[in-house]
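Work the whole structure out from these sequences, hints included.
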Amino acid sequence: MKLAIEGWFTIDDDGTHLLGSRCAGCGTMAFPPLPGPCADPRCPSEAQERVRLPRRGRVWSYTDARYPPPAPYVAAEPYTPVTLAAVELAEAGLVVLGQVQGLGTADLHVGMELELTHGPLADGPLVWMWRAVR
Amino acid sequence: MSVVVLGAGMHPWGKWGRPFIEYGVAAARDALADAGVAWTDVDYVAGADTIRNGYPGFVAGAAFARALGWSGARVASCYAACASGAHAIDLARTRILAGLSELALVVGADTTPKGFFSPLGGERADDPDWLRFRLLGATNPAYFALYARRRMALHGESPADFAAVKVKNAAAGALNPMARYRRAVTAAEVLASPMVADPLRLMDVCATSDGGAALVLASETYARRLGVTRPVRITAVSTVTPVYPNAVLELPDFATDSTLTAPVPERPFRAAIAHAAYEEAGLGPADLSLAEVYDLSTALELDWTEDLGLCPPGEAAGLLRAGETALGGRIPVNPSGGLASFGEAVPAQAIAQVCELTWQLRGTAGERQVEGARVGLAANQGLFGHGSAVIAVK
Chain L
1 MKLAIEGWFT
11 IDDDGTHLLG
21 SRCAGCGTMA
31 FPPLPGPCAD
41 PRCPSEAQER
51 VRLPRRGRVW
61 SYTDARYPPP
71 APYVAAEPYT
81 PVTLAAVELA
91 EAGLVVLGQV
101 QGLGTADLHV
111 GMELELTHGP
121 LADGPLVWMW
131 RAVR
Chain E
1 MSVVVLGAGM
11 HPWGKWGRPF
21 IEYGVAAARD
31 ALADAGVAWT
41 DVDYVAGADT
51 IRNGYPGFVA
61 GAAFARALGW
71 SGARVASCYA
81 ACASGAHAID
91 LARTRILAGL
101 SELALVVGAD
111 TTPKGFFSPL
121 GGERADDPDW
131 LRFRLLGATN
141 PAYFALYARR
151 RMALHGESPA
161 DFAAVKVKNA
171 AAGALNPMAR
181 YRRAVTAAEV
191 LASPMVADPL
201 RLMDVCATSD
211 GGAALVLASE
221 TYARRLGVTR
231 PVRITAVSTV
241 TPVYPNAVLE
251 LPDFATDSTL
261 TAPVPERPFR
271 AAIAHAAYEE
281 AGLGPADLSL
291 AEVYDLSTAL
301 ELDWTEDLGL
311 CPPGEAAGLL
321 RAGETALGGR
331 IPVNPSGGLA
341 SFGEAVPAQA
351 IAQVCELTWQ
361 LRGTAGERQV
371 EGARVGLAAN
381 QGLFGHGSAV
391 IAVK
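Taken in sequence, the protein lines are chains L and E.
Residue numbers 1 to 134, in the UniProt record's numbering, belong to the letters of the first sequence in order.
Residue numbers 1 to 394, in the UniProt record's numbering, belong to the letters of the second sequence in order.
If you're looking for bench data, these hints aren't it; they were derived computationally from the structure.
Please note: incorrect hints may appear among the correct ones.
Stated by the list, open to error - Facing chain L, from chain E, some residues (calculated, C-beta under 7 Å):
{"id": "1", "residue": "Leu136"}
{"id": "2", "residue": "Arg149"}
{"id": "3", "residue": "Arg150"}
{"id": "4", "residue": "Asn246"}
{"id": "5", "residue": "Leu249"}
{"id": "6", "residue": "Thr259"}
{"id": "7", "residue": "Pro263"}
What the hints assert, rightly or not - Heads up, incomplete: computed chain E residues facing chain L, CB under 8 Å, no partners named:
{"id": "8", "residue": "Trp130"}
{"id": "9", "residue": "Ser258"}
{"id": "10", "residue": "Thr261"}
Predicted model only: the values in this text are computed from it and were never measured.
Every residue gets a Cβ at the ideal spot worked out from N, C-alpha and C, and that includes glycine.
In C-alpha cells form, the structure reads like this:
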C-alpha cells in the first residue's frame, strides 16, 4: 500500500483519517500537520501533537475538473472528470480540500455530509478522498 | 504623502509568443515617452518577476534595464505572484517617499504557455503549489469554481449572473486597444461555452496572456520641476498579508486555518487588502469613481465588488444587474475590460490596472472614459498570501 504522501493521512482498521496537528499551547489545529511553531502568531508554543481529524464533515463548496489537469497530476485515460470538495470539519475548525469518490457535482450540495475514505490516483498511489456517508 | 505617475505605457495583450523582455521594453519606452523623460534620467528600476521564463524572469528588473541599455540605475526585482506588479510599484514608491530616488521606472511583462497554469517542474513534495496538482489535480479554475459555487449557495446567484459579468467586461474591453479580446459577447454565448470547473465555463475564466506594462513614477518635487500640473498621484499601496485565522480556502492551500481557538478577523483577506488602502489614502468606497479588480473569474469580480465595500455582501449581482458597475453606471468596475478582456499576464497585470487608473483619471481613456473620474482603486490577490490595492487620485 503506497500512499501518495506520507504523514498526511493514515489507513487502518478504524478507516481513513486525515492527520493534523494540534498545538500543545493553544489547542488550535492545522492540516497538513505543522512541524513546529504554532500558526497563530499570538501563541508562543512550538510543540505540536499529531492528531487524527474527524472523519465526517459538511460540504463548504465543490467543483470538478472537466479537462485533464496538467502534470504532475497523472490523468486517467480515458479521462473522467475529477470531482473536488472542500469539506468543513467543525470540530477541528478546518475546511479541507479533497477529491470525491463516486459522486459528481450533480450529486453534491453545500452543507451535505461527507466522510473520508481513500482511493488510488491514476498511477497507483493512494490519496484521501471524500465520499457519501455510509 | 504621495508619488506622481508621470507616465504609463503598455504593450498590447495577446498570445504573441515572443520573449517577455520585448513586451516590457516596449511598455517601458511608451511610459518614458508619455512622461517626457529619458531612460538615462531614471535612477531606479523595479521589475516584477515572471517565473516561467528562465533566469531573466527571476531578475526582471535587471533584464529590462539591460535591454533598455545599462544606465547605472539602481535596480530591484520582486515576485509576489499575481500581486508582483503592485509590489514593484510599492518598492519604487517607497524609495521615492524616503527621498532615496526621484524618478523610477516600474516594469512587468510575461510570456505565457497555452492552457492551465501548472507548477514549476521537478519532484517537489515540499511545495504546496506542486502538491495540489499532484495529489488533487486542483487547478486555479478549481479554486475559482469553489468560490463561485459558494456564492450560489449563500446568495442564490446563478451562472447567468456570472455570465452578466463577462458581458459587461467584454463590452468595455471592445473599446480598449490594449485588450486581447475586443469583441462584445452575449450571455447565451457564455452559457454555451464549455464547462471547465462546474459552475464556471470557459468564458467565465480568464485566459493566460502575453503582455507588458510600465509606469514612470516621480517625487512631487521632480514633477514640479518638469512643470507638470495636476498629475495623477498614488496615495496608497496596500500589500497586507492575511491575519490568522484565514477562514477562506486560498490557492494553493489544502485547508483553511483553524477557527477553533482564535477569533476570525473582522475582515476577510480580500476586504482587508482594500481596507488598508482606504485607510492609507484617507478615503472610503463612496469616494471611488471607478475600480479595477482581479476578475480571474466572472464570479470573483462579484466577490471583489463586495470586498471593496461597493455594496454589502450578497448584493454585487444586484448592483451589476442595475448597471451600476458598467461604463456609464454609478461606480464602473473594470472599465478596462478586466482580465475577462485581457487574460492574465501575471507580473504585468497589476501594473496594467494602474495604467488604466492613470488614463481614466487624466480623462484620456477614450470611448471607455468614466466621466469626471477623480479617484480610482485597483485590487488584486496572488497566491501565498499576496494581495495588493493601489489608490490613485487626480
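The hints, checked one at a time:
no., hint, verdict
1, Leu136, "6 Å, holds"
2, Arg149, "5 Å, holds"
3, Arg150, "4 Å, holds"
4, Asn246, "10 Å, violated"
5, Leu249, "5 Å, holds"
6, Thr259, "4 Å, holds"
7, Pro263, "11 Å, violated"
8, Trp130, "6 Å, holds"
9, Ser258, "4 Å, holds"
10, Thr261, "4 Å, holds"
Violated hints, listed in ascending order, are 4, 7; each of the other numbered hints is respected by the structure.
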